[in-house]
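J.: Letter by letter, the chains look like this.
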Amino acid sequence: MFYWIYGVPSLALVALFSVTFVGFVWLGIILTRSRVRRWVAPEEDWNEIMGLVLSAYGVFYGIVLGLIAVGTHQNFEELDQTVEQEAATLGTLYRDVSGYPEPIQDELQAMQRGYCRFIIEEAWPAQQRGVITEGGTARVTAFEQKLLAFEPETPGQEVLHAETIREFNAFVEARRQRLYGV
Amino acid sequence: MELWYVVIIGVTVFLIAAMDHPFRGTLSISPQAFEIVLRTLMTPSS
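Read top to bottom, the protein sequences are chains A and B.
According to this note's numbering, the first sequence is numbered sequentially starting from 1.
According to this note's numbering, the second sequence is numbered sequentially starting from 1.
Errors might be hidden in some of the hints.
[What the hints assert, rightly or not] Computed footprint of chain B on chain A; a stretch qualifies when at least three of its residues, placed anywhere within it, have a C-beta under 8 Å from a C-beta of chain B:
(1) 20-31
(2) 71-84
(3) 127-138
(4) 143-157
Don't read these hints as lab results, they were simulated from the structure.
Glycine residues also receive a C-beta, built at the ideal position from the N, C-alpha and C atoms.
One chain only, chain A, in its complex shape (with noise of 0.2 Å):
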């Protein structure tokens, strides 16, 4: 029924809603005044009163503001912990390439410290302005294709190449988690 408003954009959907309440409010006083007037009788204490209403509003409101608080600062904190982690794999991911073979070991090492430079000086300041650069996607699938291609001959080195393609789709997943908070 009131789906209506998910259509409307959200500044004017503050202006109506707060017009709404307002308005129903100060339509209620007006048509009731007069009768609660005749019906309460006339008391010394209703600043008092009206002071314990406004101090109970002010409870409210500030529960909401303390739960808004807080669920930013979670989601704050999630985003700084992916953040880590997406720099922690890439580290782990590293040290699993430093067991491969030359040249390819070189190869993908260069591409990781090439990923990490492009994410402190390009990437970083463009989301910061809450954009998202293409770059790092374009050098991610470089080194996905890289290490994908690459044929184990040993049963370690097969080992090594799972838990490398394990650790890069945890990289990859941190990294998404990144960009989706941009």
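On the provided structure of chain A, position chain B as indicated by the hints.
T.: What follows is chain B alone, placed relative to chain A:
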């Protein structure tokens, strides 16, 4: 008393606004984790 109440509300609203976009503004997530990886692991001299 009211002054402190307003200050607390103001600081809370500021924190919400500052942390709502974790990569923007002065109170944001830094690339420090990547810098550490690059400096301590990927730099040949380290």
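J.: Run every hint past the structure and note whether it holds.
T.: Taking the hints in turn, this is what the structure says about them:
Counting residues of the segment 20-31 of chain A whose CB lies closer than 8 Å to any CB of chain B gives 0, which falls below the minimum of 3, so the coverage claim is violated. With 8 residues bearing a CB less than 8 Å from a CB of chain B, the segment 71-84 of chain A meets the requirement of three and the coverage assertion stands. Residue count for the segment 127-138 of chain A with a Cβ under 8 Å from a Cβ of chain B: 4. That meets the three needed, and the coverage hint holds. With 0 residues having a Cβ less than 8 Å from any Cβ of chain B, the segment 143-157 of chain A misses the three-residue criterion, and the hint is violated.
When the structure is compared with the earlier hints, violations turn up for hints 1 and 4 and for no others.
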